[in-house]
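Starting from the given sequences, assemble the full structure and let the hints guide the process.
These protein sequence lines are chains A and B, in that order. Sequential numbering from 1 applies to the first sequence in the numbering used here. Sequential numbering from 245 applies to the second sequence in the numbering used here.
No wet-lab data here; the hints were simulated from the structure. From a predicted model like this one, the values you see are computed outputs, not experimental measurements. Treat the hints with care, since some could be wrong.
[Claimed, not checked] Okay, derived cross-link-like pairs now, DSS-like style, lysine-lysine, Cα gap no bigger than 27 Å in a straight line:
1) B:Lys414 / A:Lys101
2) B:Lys341 / A:Lys36
3) A:Lys34 / B:Lys341
4) B:Lys349 / A:Lys101
5) B:Lys464 / B:Lys262
6) A:Lys190 / A:Lys111
7) A:Lys45 / B:Lys349
8) B:Lys319 / B:Lys376
9) A:Lys62 / B:Lys349
10) A:Lys45 / A:Lys87
11) A:Lys36 / B:Lys259
12) B:Lys376 / A:Lys5
13) A:Lys45 / A:Lys104
14) A:Lys87 / A:Lys162
15) A:Lys107 / A:Lys229
16) A:Lys121 / A:Lys31
17) A:Lys31 / B:Lys341
18) A:Lys101 / A:Lys45
19) A:Lys5 / B:Lys319
20) A:Lys121 / A:Lys34
21) A:Lys111 / A:Lys87
22) A:Lys101 / A:Lys162
23) B:Lys349 / A:Lys104
24) A:Lys104 / B:Lys341
25) B:Lys349 / A:Lys34
26) A:Lys45 / B:Lys255
27) B:Lys349 / A:Lys175
28) A:Lys175 / A:Lys87
29) A:Lys175 / B:Lys414
30) A:Lys62 / B:Lys341
31) B:Lys461 / B:Lys255
32) A:Lys151 / A:Lys237
33) B:Lys255 / B:Lys376
34) B:Lys341 / A:Lys175
35) B:Lys464 / A:Lys62
36) A:Lys45 / A:Lys5
37) B:Lys349 / A:Lys162
38) B:Lys349 / A:Lys31
39) A:Lys162 / B:Lys341
Chain by chain, the residues:
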Amino acid sequence: MAVNKNSTGYTFGFAILLVVVCGVILASLAKILKDKQQANIANEKRQFILSAAGYASMDTLKTYEMSEIEELFNKTIQQNVYDFNGKPIAGVEAFSIDIVKEYKATKDSPKTRKYPVFSYKNENDEKYIIPMAGNGLWGPIWGFCALGKDKNTIEGIVFDHKSETPGLGAKIAEKPFQDLFTLTPKMVMKGEKYMGLKVVKGGLKDPDHQIDAIAGATITSNGVGAMMKTAFLPYMKAWKKVNN
Amino acid sequence: MSAKRESLFSKKNMKLIKDPLNDSNPISIQVLGICSALAITIMLENAFVMSMSVLFVLIMANVVVSLLRNLIPDKIRIIVQLVIVATLVITVDQVLKAYVYEVSKQLSVFVGLIITNCIIMGRLEAFALGNKPGPSFLDAIGNAFGYTWILLVVGFVREVFGSGSIWGIKIIPDDWVYHINPDTGLTEGFYEHNGLMLLSPIALFLVAAVIWAQRSKNRKLIEEN
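In structure tokens:
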């Protein structure tokens with residue numbers, strides 16, 4: 001065999017062939033597994049919404065079958081979509097809006113953004129679950145926040161993230177941080193004034209509207225605060241109109 | 245070509261499996277792949293899935309690289325190894341996302357980081373490039389299981405003392421653990437989980453304990469000075 005293994009041509013040829021083969025393998029794999037992965041993601045989204053609504057804890061919901069979650073979700077949760085001025089948009093399913101993509105696409109123009117809301121009602125209680133998205137340190141973060149009957153007090157919250165640092169920023173997806181939002185009542189409005197919620201370091205001065213930040217994860221914590229500040233406004237507008 | 249073809253399970257080849265389990269263990273002796281051993285051993289299940297992922301990647305990479313060993317151009321061999329490992333790792337990641345979504349979320353970035361696991365590149369470079377596929381296969385199994393048993397030991401200890409469970413099944417009843425009874429407002433229970441077990445640094449102590457035990461058993465392993 002007279003092939004020179006170290007010739008430039010051979011090296012290039014080998015590299016190209018290897019990359020093409022690997023590429024084909026990965027592309028077909030992604031195609032085959034896509035449906036299953038998306039079903040997992042949709043299932044998790046339903047679990048997040050149900051858990052924020054206080055239907056059951058995330059741990060309990062995880063023991064349910066995927067079909068049970070879907071049935072439960074369709075039975076108990078109503079969906080609406082609003083525009084920035086609080087007008088309902090017809091013909092769009094709230095669940096199908098990928099909130100991270102929607103926020104990213106309308107980054108510079110929040111007025112054209114679609115704002116989905118999920119409501120959960122039973123005999124003696126009602127909750128409004130608001131999805132939100134923002135940026136952490138390494139990638140997108142998102143969450144679902146449930147407001148109580150007064151449309152002001154936070155009654156449940158779930159956060160998740162794509163690639164925050166495990167042990168630091170990733171703590172926003174864990175229970176201890178999320179519990180801070182409900183241990184003492186947190187309000188979105190201060191009287192008539194819209195506040196959102198702030199994530200602060202070094203002690204809470206206004207405990208009704210502030211959350212203690214995660215040590216060592218300043219940027220992720222700020223991201224949560226920024227996300228919460230922008231998230232509620234359109235809904236507040238929408239509800240104000242309905243109430244008047 | 246008169247020499248008899250060597251059996252795959254000859255004494256020499258079995259050594260390839262046995263040695264990495266003990267006397268040349270990738271974690272406790274060579275101290276490779278420590279990062280993931282610290283990060284994903286909070287629960288036994290995570291440690292197991294991680295180990296199986298490494299097992300798969302290492303076996304496949306070792307065999308593939310060994311098959312290609314006479315074709316790979318020397319100048320780009322590291323990159324070729326990386327591409328092969330990366331392809332395998334992405335495969336694992338995608339499969340985990342489709343079939344064990346929960347676990348894949350907990351392993352998060354660490355599955356992707358298998359690419360940088362020194363054990364894998366180490367074995368490819370040190371063994372697969374110079375040996376036939378059969379021995380490379382055995383070498384991969386030996387090293388992957390050497391990695392696995394340490395992870396499982398560390399994961400077991402951390403889960404039992406940190407969360408009071410084994411493979412997610414509670415072995416220490418919640419009643420025993422300190423808690424406030426909502427009816428009476430009194431503190432009940434007499435046991436507390438060790439929070440340190442949930443933090444990564446404890447894995448260092450546990451790995452160190454394994455290293456200690458191993459070296460007191462086999463004094464040959466103790467380095468001079």
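Okay, the hints, checked on the actual structure:
1. Between the alpha carbons of Lys414 of chain B and Lys101 of chain A the distance comes to roughly 40 Å, so the proposed pair goes past 27 Å and is violated.
2. Annotation: proposed proximity of Lys341 of chain B to Lys36 of chain A holds, straight-line Cα distance about 8 Å (limit 27 Å).
3. Among the hinted pairs, Lys34 of chain A with Lys341 of chain B is consistent with the structure: their alpha-carbon atoms are about 10 Å apart, no more than 27 Å.
4. Annotation: proposed proximity of Lys349 of chain B to Lys101 of chain A holds, straight-line Cα distance about 20 Å (limit 27 Å).
5. Between the alpha carbons of Lys464 of chain B and Lys262 of chain B the distance comes to roughly 17 Å, so the proposed pair stays at or under 27 Å and holds.
6. With a CA separation close to 24 Å, the supplied pair Lys190 of chain A and Lys111 of chain A stays within the 27 Å bound.
7. Between Lys45 of chain A and Lys349 of chain B the alpha-carbon distance is near 14 Å, which keeps this suggested pair within the 27 Å criterion.
8. With a CA separation close to 21 Å, the supplied pair Lys319 of chain B and Lys376 of chain B stays within the 27 Å bound.
9. This hinted pair checks out: Lys62 of chain A and Lys349 of chain B have alpha carbons roughly 13 Å apart, not beyond 27 Å.
10. A hinted pair counts as satisfied when its Cα atoms are at most 27 Å apart, and Lys45 of chain A with Lys87 of chain A qualifies at roughly 25 Å.
11. Only pairs whose Cα atoms come within 27 Å are accepted, and Lys36 of chain A paired with Lys259 of chain B is rejected, the gap being roughly 42 Å.
12. Note on Lys376 of chain B and Lys5 of chain A: the hinted pairing holds, with a Cα-Cα distance of about 19 Å set against a maximum of 27 Å.
13. In summary, the hint linking Lys45 of chain A to Lys104 of chain A is supported, as the alpha carbons are separated by about 18 Å, within the 27 Å threshold.
14. As the CA atoms of Lys87 of chain A and Lys162 of chain A are separated by approximately 31 Å, the hinted pair breaks the 27 Å bound.
15. Restraint check: the Cα-Cα separation between Lys107 of chain A and Lys229 of chain A comes to about 14 Å, which is no more than 27 Å; the hinted pair holds.
16. Restraint check: the Cα-Cα separation between Lys121 of chain A and Lys31 of chain A comes to about 39 Å, which exceeds 27 Å; the hinted pair is violated.
17. This hinted pair checks out: Lys31 of chain A and Lys341 of chain B have alpha carbons roughly 13 Å apart, not beyond 27 Å.
18. With a C-alpha separation of about 14 Å, the suggested pairing of Lys101 of chain A with Lys45 of chain A holds against the 27 Å cut-off.
19. The hinted pair formed by Lys5 of chain A and Lys319 of chain B meets the criterion: a straight-line CA distance of about 10 Å does not exceed 27 Å.
20. Distance restraint check for Lys121 of chain A and Lys34 of chain A: the Cα-Cα separation of roughly 34 Å exceeds the 27 Å cut-off, and the hinted pair is therefore not satisfied.
21. As the CA atoms of Lys111 of chain A and Lys87 of chain A are separated by approximately 12 Å, the hinted pair is consistent with the 27 Å bound.
22. Taken as a hint, the Lys101 of chain A and Lys162 of chain A pair is honoured in the structure, with Cα atoms around 13 Å apart against an allowance of 27 Å.
23. Pair hint Lys349 of chain B plus Lys104 of chain A holds up; C-alpha atoms about 23 Å apart against a cutoff of 27 Å.
24. In summary, the hint linking Lys104 of chain A to Lys341 of chain B is supported, as the alpha carbons are separated by about 24 Å, within the 27 Å threshold.
25. Proximity of Lys349 of chain B to Lys34 of chain A is assessed by CA-CA distance (about 16 Å); at most 27 Å being required, the pair is judged to hold.
26. With a CA separation close to 54 Å, the supplied pair Lys45 of chain A and Lys255 of chain B exceeds the 27 Å bound.
27. A C-alpha spacing of about 15 Å is found between Lys349 of chain B and Lys175 of chain A, which places the hinted pair at or below 27 Å, so the restraint holds.
28. Restraint check for Lys175 of chain A and Lys87 of chain A: not satisfied, since their Cα atoms lie roughly 34 Å apart, outside the 27 Å limit.
29. A distance of roughly 19 Å separates the Cα atoms of Lys175 of chain A and Lys414 of chain B; the hinted pair therefore holds under the 27 Å criterion.
30. Restraint check: the Cα-Cα separation between Lys62 of chain A and Lys341 of chain B comes to about 15 Å, which is no more than 27 Å; the hinted pair holds.
31. Straight-line distance between C-alpha atoms of Lys461 of chain B and Lys255 of chain B comes to about 23 Å, which keeps the hinted pair within the 27 Å bound.
32. Between Lys151 of chain A and Lys237 of chain A, the direct Cα distance comes to roughly 11 Å. Compliance with the 27 Å bound is thereby established for this hinted pair.
33. The hinted pair formed by Lys255 of chain B and Lys376 of chain B meets the criterion: a straight-line CA distance of about 16 Å does not exceed 27 Å.
34. Restraint check: the Cα-Cα separation between Lys341 of chain B and Lys175 of chain A comes to about 22 Å, which is no more than 27 Å; the hinted pair holds.
35. A threshold of 27 Å between alpha carbons decides the hint, and for Lys464 of chain B with Lys62 of chain A the separation of about 50 Å lies outside it, so the pair is violated.
36. Proximity of Lys45 of chain A to Lys5 of chain A is assessed by CA-CA distance (about 52 Å); at most 27 Å being required, the pair is judged violated.
37. For the given pair, Lys349 of chain B sits about 9 Å from Lys162 of chain A by alpha-carbon distance, which is consistent with the 27 Å threshold.
38. For the hint pairing Lys349 of chain B with Lys31 of chain A, the CA-to-CA distance comes to about 20 Å; that is within 27 Å, so the pair holds.
39. Between Lys162 of chain A and Lys341 of chain B, the direct Cα distance comes to roughly 13 Å. Compliance with the 27 Å bound is thereby established for this hinted pair.
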